[in-house]
Amino acid sequence: MKFIRPLLLAMLVATALTAQAKYNGEDRGKPVMPSEVNAKWQAECAGCHMAYPPGLLPAASWKKVMAGLDKHFGTDASLPATDAREITNYLTKYPSNRWTSSAAPLRITDGEWFKAKHFNKGEIAPEVWKRASVKSPGNCNACHTGAEKGDFNERNIRIPK
Amino acid sequence: MKFTLHTAAVLTSLAIALPLAAAANPILDGYKAEIKGTFTVAAGEKLYKTVGPNQLSCASCHTDSPKNVGKHAKTNKTIEPLAPSVNAKRFTDAANVEKWFKRNCNDALGRACTTQEKGDFMTYVLSVK
Numbered sequence: 001m002k003f004i005r006p007l008l009l010a011m012l013v014a015t016a017l018t019a020q021a022k023y024n025g026e027d028r029g030k031p032v033m034p035s036e037v038n039a040k041w042q043a044e045c046a047g048c049h050m051a052y053p054p055g056l057l058p059a060a061s062w063k064k065v066m067a068g069l070d071k072h073f074g075t076d077a078s079l080p081a082t083d084a085r086e087i088t089n090y091l092t093k094y095p096s097n098r099w100t101s102s103a104a105p106l107r108i109t110d111g112e113w114f115k116a117k118h119f120n121k122g123e124i125a126p127e128v129w130k131r132a133s134v135k136s137p138g139n140c141n142a143c144h145t146g147a148e149k150g151d152f153n154e155r156n157i158r159i160p161k
Numbered sequence: 001m002k003f004t005l006h007t008a009a010v011l012t013s014l015a016i017a018l019p020l021a022a023a024a025n026p027i028l029d030g031y032k033a034e035i036k037g038t039f040t041v042a043a044g045e046k047l048y049k050t051v052g053p054n055q056l057s058c059a060s061c062h063t064d065s066p067k068n069v070g071k072h073a074k075t076n077k078t079i080e081p082l083a084p085s086v087n088a089k090r091f092t093d094a095a096n097v098e099k100w101f102k103r104n105c106n107d108a109l110g111r112a113c114t115t116q117e118k119g120d121f122m123t124y125v126l127s128v129k
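So the sequences go chain by chain: A and B.
1 is the number of the first residue of the first sequence in the numbering used here; add one for each residue after it.
1 is the number of the first residue of the second sequence in the numbering used here; add one for each residue after it.
One chain only, chain A, in its complex shape (with noise of 0.2 angstroms):
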């Protein structure tokens, strides 16, 4: 008993602290995409690219992305005010409900979670991500098949040719 204490206190500690290094606190949100569907935010995103979900990024993120459309990644996806105003609530609303960093990168691919689960384990070649099939890892549908749903199960990734 007198053993017993420390040690759960000690396992405790080990776990609250290993919970926070997870991803240096840039861990994308549980779940990833609100039962909530804007209208909007599903249209105008969607024009261009994948309607990315909301628990992508955290609030920081989204209204510095929003704040800047009309230089968007090197293109000008500016929109009317009030839709702009109405997608960045959306996004707001619904975070990352797991990121306690206070980074704030403009892409997804930017976030530690995403690097640790492409590119540091040696899961996926280099080769993969140059493919005509997937052009950039911003393509997330191009090998997760349910992505626009919010679907990142592993059992549903399909490396494409």
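If you're looking for bench data, these hints aren't it; they were derived computationally from the structure.
Wrong hints could be hidden among the right ones.
What the hints assert, rightly or not - Simulated pairs of lysine-lysine, DSSO-like, Cα-Cα distance not exceeding 27 angstroms:
#1 A:149 - B:102
#2 A:117 - A:161
#3 A:71 - B:102
#4 A:130 - A:93
#5 A:115 - B:77
#6 A:115 - A:93
#7 B:71 - A:161
#8 B:77 - B:102
#9 A:40 - B:99
#10 B:102 - A:40
#11 B:77 - A:161
#12 A:117 - A:30
#13 B:49 - A:40
#14 B:32 - B:74
#15 B:89 - A:93
#16 B:89 - A:64
#17 B:102 - A:121
#18 A:64 - A:135
#19 B:49 - A:149
#20 A:121 - A:22
#21 A:117 - B:77
#22 B:32 - B:77
#23 A:40 - A:22
#24 B:49 - B:74
#25 B:74 - B:36
Remember, it's a predicted structure, so these values are computed and weren't measured experimentally.
Model the placement of chain B on the given structure of chain A, informed by the hints.
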């Protein structure tokens, strides 16, 4: 006889009016009214193929013909045909048309398009059958 002539006259005027009606577009009419000018297919086609400072043209994503299904140069996203002759939804919503002119003129030409250019562009795209 009188009746037949009359019918023929009606049919003839219909035959003339119908293609005009099909080509008419309220958004294009709006541009026309705005600058009180005229637009040409040739100028629109030239604009469609103009490569701007970012090495991009309309054709980069919309392909050589507005009738074709295009592909986003960066995201691989399918782009439905621009020509209303094959995609009736195009050029039916003025706000949407303005939104895309603003974005795409900036991307392809590095600047906003003039009303003259928008009108020429639409005249060309609407002419593609």
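A quick look at each hint next to the structure:
Using a Cα cut-off of 27 angstroms, the hinted pair residue 149 (chain A) and residue 102 (chain B) is violated, with the two alpha carbons roughly 30 angstroms apart. Among the hinted pairs, residue 117 (chain A) with residue 161 (chain A) is consistent with the structure: their alpha-carbon atoms are about 20 angstroms apart, no more than 27 angstroms. A distance of roughly 12 angstroms separates the Cα atoms of residue 71 (chain A) and residue 102 (chain B); the hinted pair therefore holds under the 27 angstroms criterion. Taking the CA atoms of residue 130 (chain A) and residue 93 (chain A), the gap is about 34 angstroms. The hint is violated against a cut of 27 angstroms.
Our distance criterion of 27 angstroms between C-alpha atoms is met by residue 115 (chain A) and residue 77 (chain B), whose separation comes to about 24 angstroms. Distance check on the hinted pair: residue 115 (chain A) and residue 93 (chain A) sit about 25 angstroms apart at the alpha-carbon level, within 27 angstroms; holds. The suggested pairing of residue 71 (chain B) with residue 161 (chain A) holds, with an alpha-carbon distance near 19 angstroms, which does not exceed 27 angstroms. A C-alpha spacing of about 20 angstroms is found between residue 77 (chain B) and residue 102 (chain B), which places the hinted pair at or below 27 angstroms, so the restraint holds.
Restraint check for residue 40 (chain A) and residue 99 (chain B): the C-alpha separation of about 14 angstroms stays at or below 27 angstroms, so the hint holds. Of the pairs offered as hints, the one joining residue 102 (chain B) and residue 40 (chain A) holds, with about 19 angstroms between alpha carbons and a cut-off of 27 angstroms not exceeded. This hinted pair checks out: residue 77 (chain B) and residue 161 (chain A) have alpha carbons roughly 18 angstroms apart, not beyond 27 angstroms. For the given pair, residue 117 (chain A) sits about 15 angstroms from residue 30 (chain A) by alpha-carbon distance, which is consistent with the 27 angstroms threshold.
At roughly 31 angstroms between alpha-carbon atoms, residue 49 (chain B) and residue 40 (chain A) are farther apart than 27 angstroms, so this suggested pair is violated. For the hint linking residue 32 (chain B) to residue 74 (chain B), the alpha-carbon distance of about 34 angstroms lies beyond 27 angstroms, and the restraint is violated. Proximity of residue 89 (chain B) to residue 93 (chain A) is assessed by CA-CA distance (about 32 angstroms); at most 27 angstroms being required, the pair is judged violated. Of the supplied pair hints, the one linking residue 89 (chain B) and residue 64 (chain A) is violated, its CA atoms being roughly 32 angstroms apart against a limit of 27 angstroms.
With a C-alpha separation of about 43 angstroms, the suggested pair residue 102 (chain B) and residue 121 (chain A) falls outside the 27 angstroms cut-off, and the hint is violated. Distance hint between residue 64 (chain A) and residue 135 (chain A) is fulfilled; the C-alpha atoms sit about 25 angstroms from each other, no more than 27 angstroms. With a C-alpha separation of about 37 angstroms, the suggested pairing of residue 49 (chain B) with residue 149 (chain A) is violated against the 27 angstroms cut-off. Between the alpha carbons of residue 121 (chain A) and residue 22 (chain A) the distance comes to roughly 15 angstroms, so the proposed pair stays at or under 27 angstroms and holds.
For a cut-off of 27 angstroms, the pair hint linking residue 117 (chain A) to residue 77 (chain B) stands: about 24 angstroms separates their Cα positions. Taking the CA atoms of residue 32 (chain B) and residue 77 (chain B), the gap is near 33 angstroms; set against the 27 angstroms cutoff, the hint is violated. Distance restraint check for residue 40 (chain A) and residue 22 (chain A): the Cα-Cα separation of roughly 33 angstroms exceeds the 27 angstroms cut-off, and the hinted pair is therefore not satisfied. Between residue 49 (chain B) and residue 74 (chain B) the CA atoms are separated by roughly 19 angstroms; this keeps the pair inside 27 angstroms, and the hint holds.
For the suggested pair residue 74 (chain B) and residue 36 (chain B), the alpha carbons sit about 38 angstroms apart, so the restraint of at most 27 angstroms is broken.
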